[in-house]
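Asker: Okay, here's what each chain looks like letter by letter:
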Amino acid sequence: MDFGFSSEQKMLRNSFKEFFNKECTPDLVRELWDDPRGYSEKIWKKMAKLGWLGLIYDEQYGGSECGFLDLFILFEEMGKSQLPSPLFTSAVLSGLIIDACGNEAQKRSYLKPMISGRSILTLALLNNGGEQDFHSPEIEATIDEKGEHRLNGVRWLVPYANAADAILVCADAIGSESGPTLYCIETKTDGVTCTPLNTLYGENKCVVHFNNVKVTADQIIGDIGNGNYCVEKILPQAVVLKCAEMIGGARHVLDSTVAYVKERHQFGRPLGALQAVQHLCADMNTLYIGARLVAYQAASRIDLHMPADKEVAIAKAWCSDAYKQMTWIAQQLFGGIGFTEEYHLQLYFKHAKECELLFGDSSHHRAKLADAMGL
Amino acid sequence: MKLSFTKEQDEFRNEVRQFIRDNLLNNNFKIQSKGLIADCDINFSKAMSAKAWIGFTWPKSHWGQGRSYVEKTILNEELYKVQAPIGYHFLADRQVGPSLIHFGSSWQREYFLPRIANAEEGVLFCLLFSEPDAGSDLAGIATTARKEGDYYIINGQKVWSSEAHLADYGWLLAKTNFDEGVSPHHACSEFILDMHLPGVKVRPLINIAGEHSFNEVFMDNVRVHKDYLVGQENGGFKQIMAQVDYERAGIERLMQNYPVYDQLIDYMKIKQLQNKRPETYEWAKDQICQLEVEFQTGRLLCYYTAWMIDQGQKPTSQAALCKVFCTQYEQRLNDVAMRILGPKSMIRNSGPGAPLDVDVASCYLWQPSYTLQGGSVEILKNIVALRGLKLPRY
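Residue numbers (our numbering), protein chains in the order written: chain E, 151 to 525; chain U, 24 to 417.
Hints are computed from structural coordinates only; laboratory data are not their basis. Careful: at least some of the hints might be erroneous.
[To be verified] Simulated crosslink set (SDA-like; lysine to any residue; CA at most 25 Å straight-line):
id: 1; chain 1: E; residue 1: K460; chain 2: U; residue 2: K30
id: 2; chain 1: U; residue 1: K74; chain 2: E; residue 2: M151
id: 3; chain 1: U; residue 1: K170; chain 2: U; residue 2: G204
id: 4; chain 1: U; residue 1: K292; chain 2: E; residue 2: D521
id: 5; chain 1: E; residue 1: K518; chain 2: U; residue 2: K292
id: 6; chain 1: E; residue 1: K412; chain 2: U; residue 2: P415
id: 7; chain 1: E; residue 1: K460; chain 2: U; residue 2: G374
id: 8; chain 1: U; residue 1: K413; chain 2: E; residue 2: H402
id: 9; chain 1: U; residue 1: K337; chain 2: E; residue 2: K257
id: 10; chain 1: U; residue 1: K53; chain 2: U; residue 2: H235
id: 11; chain 1: E; residue 1: K460; chain 2: U; residue 2: E34
id: 12; chain 1: U; residue 1: K57; chain 2: U; residue 2: Q313
id: 13; chain 1: E; residue 1: K192; chain 2: E; residue 2: K296
id: 14; chain 1: U; residue 1: K53; chain 2: U; residue 2: Y290
id: 15; chain 1: U; residue 1: K30; chain 2: E; residue 2: P457
id: 16; chain 1: U; residue 1: K299; chain 2: U; residue 2: G374
id: 17; chain 1: U; residue 1: K292; chain 2: E; residue 2: H514
id: 18; chain 1: U; residue 1: K69; chain 2: U; residue 2: N37
id: 19; chain 1: E; residue 1: K257; chain 2: E; residue 2: G329
id: 20; chain 1: U; residue 1: K413; chain 2: E; residue 2: R419
id: 21; chain 1: E; residue 1: K364; chain 2: E; residue 2: N348
id: 22; chain 1: U; residue 1: K57; chain 2: U; residue 2: G374
id: 23; chain 1: E; residue 1: K500; chain 2: U; residue 2: Q313
id: 24; chain 1: E; residue 1: K296; chain 2: E; residue 2: G375
id: 25; chain 1: U; residue 1: K337; chain 2: E; residue 2: K296
id: 26; chain 1: E; residue 1: K172; chain 2: E; residue 2: H494
id: 27; chain 1: U; residue 1: K170; chain 2: U; residue 2: D191
id: 28; chain 1: E; residue 1: K460; chain 2: U; residue 2: P415
id: 29; chain 1: E; residue 1: K460; chain 2: U; residue 2: Q313
In this text, all values refer to a predicted model and were calculated from it rather than measured experimentally.
Based on the provided sequences and hints, a complete structural model is requested.
Answerer: Quick look at the structure:
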């Protein structure tokens, strides 16, 4: 049981911290939320040059072959800074899928350029019901009069789709009795439309319509009917990295709230001297430390290639509730000023709700935990 | 951040489990869930002592084993799963020993430490801190210890003293400085009180679970030799504060009702509920999984606190935070368990028709004490805020 970090990990964390502190201000975040593509090309290229897009991938694709914990630390620091970028959808969701299930040609065509910063990938996960699509993709690949395969359907809340070069999507394909098939479709293909949505948390998310989109066999990732396997395989890592983002954001919420209540005076003394305020801060601290520990527990097991189903469920369940509750307490302690768009707290308040709802909230993961416990 | 156990730690855990099988489970030991201080069984304590498991974290120079707090947490976790009867040596091992090691005189250490480590007769300790007018405000105690020659004359009354009716000795906090204007924090001293001295009277208090666990202790002109003063005269409060973190830090705060949790899960697995009322089963499953999430979080908090101590860090805020979390979890556990088990969970003492072997109704009745004993949740949150987050005082 070692709760410490190696000196390499500490150095890595410092370099991430310095970069985000320098490059990402709260003003920039708001600018990017208003920007149609939603991210800064300049910062993206810098991150690519630093090797961060390929942190855990093989050197032959331009990756840095670092450990899973290193990537976790990157997302923790990014969550603190709230930098909008396609990193999660491109380097994690899409990259991990192609790395795990793509053939050599696909890794060269998609993984390598993604790591170099030349292209952006995204995963279109949520079906018409807003559900993580596993058994009913509600997108069909059919055969048209010319004998070509055509895709029809819609996908919701696809991150950075209008900036992406290719979209990974599961569809029910012909000839697949065993389940959906995963396709990698270039966004410039005829029939693909990506329209940005106005959502609670301003990071770029689109609705993607597939209208008679032509697909060919070489666009299939993995095998026909094996789409679920490809996505399910990487989800635990993705969920844990989302938790990393969440604990990063939570840490900022804790620190900025504590700093605020020391500064803000009412009734002739700092707010932080009032016991009710002190107890709320203690509650935030407790939620935070618990979240950090369970998130690192899952990450540590994944890093060591140990089974982690139970730990991943516990992490997402706890972090989903804890981060959100912390933002509620923070809103209360900041008072009116925290309720303004101008102030930074709203970034985290929104972030916490989005992270809760994506990839399963606490009740979803309790159900997964029940399975792992044999209940 | 390697949050898994080493091979040696796993082996140690297995060793403890085997010990429990050999000394308890194979001897028809009944697993119950009661107060924080489990039943007293000097023979079990002696068996633990034979394994050198009392004084586990004490320095080797002082009749201890010098082992880590993480290992101690492993030991305690396994013992608490079955509520092993460690009551005889519990307080002496956890608090008296470390206090004597830090502040005791040579003869006190030479007399008490080996006897505690060896689970000898005659060294069952209770604590004599709280008074009717001094609970959270410990410095407000009124028990006096007035010096007369080589003796201190003790007068006063203590309350909530667990196991005082069984104890050989009491660890006492009393006022020794009566000057005007002296802060109460510099006016108290710690003593070892022989509970059989003339003038010491113990009166049982029955708690709402109907159990006799704690007591009132009256001291009427009790003569205590000055050799039984521990550490500095008037330094008692400081000495207590130095040790209180270790009292708060243990995994026992998470595991007091573990048998309830364990048996509840077995109950669910038998899926009686599922066959009769499926929608209730789904709800119950969700409730249990929330408990599991909280339990696993609490478990990590306990091991993290232990690791901090092993690193030589002061665990004050973390230990307080950990105790807040764990004791609140335990309260929820009993509440949820009774709701899942339904009205028959109210049947006491595992009588006919009681759904679990363990008396879950009794556990529910014990639970108001969890967030009060050893530092109320409110006081602990003050500590987290003031010491941990460095928020200002009022």
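Asker: Checking against the hints above, which ones are violated?
Answerer: Numbers 7, 9, 13, 21, 25, 28, in rising order.
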